[in-house]
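Sequences and hints are given; from them, build the entire structure.
If you read the sequences in order, they're chains A and B.
Its first residue numbered 29, the first sequence is counted upward by one per residue in this note's numbering.
Its first residue numbered 23, the second sequence is counted upward by one per residue in this note's numbering.
There may be inaccurate statements among the hints.
Stated by the list, open to error - With a cut-off of at most 25 Å between alpha-carbon atoms, the simulated SDA-like pairs for lysine to any residue come out as follows:
#, chain 1, residue 1, chain 2, residue 2
1, A, 106, B, 61
2, A, 120, A, 163
3, A, 221, B, 78
4, A, 221, B, 61
5, A, 125, B, 92
To be verified - Covered stretches of chain A, as calculated for chain B (at least 3 residues, CB under 8 Å):
#, stretch
6, 103 to 113
7, 215 to 221
Since the hints were made in silico from the structure, they are not lab data.
All C-beta atoms in this analysis are idealised placements derived from N, C-alpha and C, irrespective of residue type, glycine included.
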Amino acid sequence: MPSTTQNKTKYKLSDEEVIRRFQAGDEAAFEELVHRYSNRLMNFAYRFVLDRQEAEDIVQDTFLKVYQNRHAYREIAKFSTWIYTITANLAKTILRKRRNRKLFYFSRLGPEDREVDFPSHDTSPGERVEGQFSEQMIQKAIQKLPEHFRTAIILRDIQDLSYEEISNIVGAPLGTVKSRINRARLRLQEELKQLR
Amino acid sequence: MINCYQCQEQISAYIDQEISYQQRGEFEQHIAQCANCRAQFQSIQAARQCLRELPEVQVSDQFFNHLQQRILADRNARIRRSQQTGFSFNRIPSFVYGFAAAFVAVIIGFVLIQSPLGTQNLTVPAPVVQKQPVTKTAPGYDSPATVSQPQNSRYASSTTPSDPADSNRTSPTQPGRSHPDNLEDLQQRIKTVKNQR
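As structure tokens, then:
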């Protein structure tokens with residue numbers, strides 16, 4: 029099922045009402061939140077880090093933080109903004125650790141070893157043709173984008189969040205978010221042209 | 023009429039309908055006339071459509087069990103910590119260490135100010151040698167005539183007895199010491215020395 033359709037599902041209770049019940053002590057409300065957000069966050073985390081196991085760890089850590097810090101949420105912002113912010117920060121931390129690990133191992137190699145290709149983290153089942161571009165091509169193109177462009181385009185075009193929500197999640201002004209999304213799309217289509 | 027650069031800057035805003043009515047008109051006009059911008063616009067639309075059609079990655083079947091186990095483990099750890107008896111540094115909140123350090127610094131500062139070293143440079147000058155009849159002296163005190171001057175008193179000033187009536191007074195042992203004017207002044211200074219001790 030395409031990712032954008034799930035985001036539009038209408039629930040009887042809003043996310044804010046559910047988190048309020050959880051803050052009051054209703055554990056079933058927490059399970060409801062897990063049910064609503066697990067796949068959405070998994071999709072976001074996976075598209076960001078491109079590793080299934082790491083993406084699942086990120087989502088687990090997110091829900092654990094929500095469980096431990098439920099009283100830290102205030103209804104100033106939407107619940108989705110809060111939970112996506114946690115996930116985005118965890119995903120960025122994973123990427124940073126991964127970069128540092130690569131640098132560490134790379135620096136220990138001698139010159140004759142530096143021809144080695146780093147293994148791909150792509151664990152998707154295989155190529156699926158999506159129109160003119162395969163999923164693997166799209167994944168590769170997304171991975172080539174700088175981190176802040178990647179975040180913006182995943183949140184906008186895959187998670188279908190509004191500009192305002194993205195602005196709150198990444199902590200950047202609305203104008204900056206619009207600019208990033210535009211530049212990310214321009215770069216993405218250039219990358220896809222080169223990969224074809 | 024907008025140029026190609028302006029058109030490219032507005033592509034996303036046009037796609038996401040974040041553009042004003044006038045800007046939309048100008049954009050569409052430029053796209054109709056410029057083949058390069060039109061090609062780029064169509065290319066971005068296609069890429070965006072591919073992103074939207076990517077299949078949703080879902081969590082594994084074991085996800086909920088693992089999450090439940092982690093939450094239970096976390097809850098048990100919290101209960102164990104709250105039931106812990108006896109003193110443990112882990113149970114002290116970190117801000118307490120800051121308060122303790124500030125408190126200790128204040129105490130040390132207070133002690134230093136109150137100590138003899140600290141009070142030497144304060145306002146009250148040390149008593150000056152003067153030969154005056156003293157009716158009462160506390161045990162352990164020398165008579166005023168034999169009180170020695172501190173070597174480095176800030177309030178030393180050079181004086182010589184000009185008045186013949188001052189001849190009974192002992193001249194200061196240190197150059198630059200002033201004589202107290204009267205008995206009351208001397209007694210006040212003696213009291214001060216006692217307080218210091």
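To see whether the hints hold, each was checked on the structure:
1. A threshold of 25 Å between alpha carbons decides the hint, and for residue 106 of chain A with residue 61 of chain B the separation of about 38 Å lies outside it, so the pair is violated.
2. At most 25 Å may separate the alpha-carbon atoms for a hinted pair to count; residue 120 of chain A and residue 163 of chain A meet this at roughly 23 Å.
3. For a cut-off of 25 Å, the pair hint linking residue 221 of chain A to residue 78 of chain B stands: about 24 Å separates their Cα positions.
4. The hinted pair formed by residue 221 of chain A and residue 61 of chain B meets the criterion: a straight-line CA distance of about 12 Å does not exceed 25 Å.
5. Proposed proximity of residue 125 of chain A and residue 92 of chain B is supported: the alpha carbons are some 23 Å apart, at most 25 Å.
6. With a threshold of 8 Å between beta carbons, the proposed coverage of the stretch 103 to 113 of chain A by chain B is violated, since 0 of its residues qualify and at least three are required.
7. Taking a C-beta to C-beta cut-off of 8 Å, the stretch 215 to 221 of chain A contributes 4 residues in contact with chain B, enough for the three needed, and the coverage statement holds.
Violated hints, listed in ascending order, are 1 and 6; each of the other numbered hints is respected by the structure.
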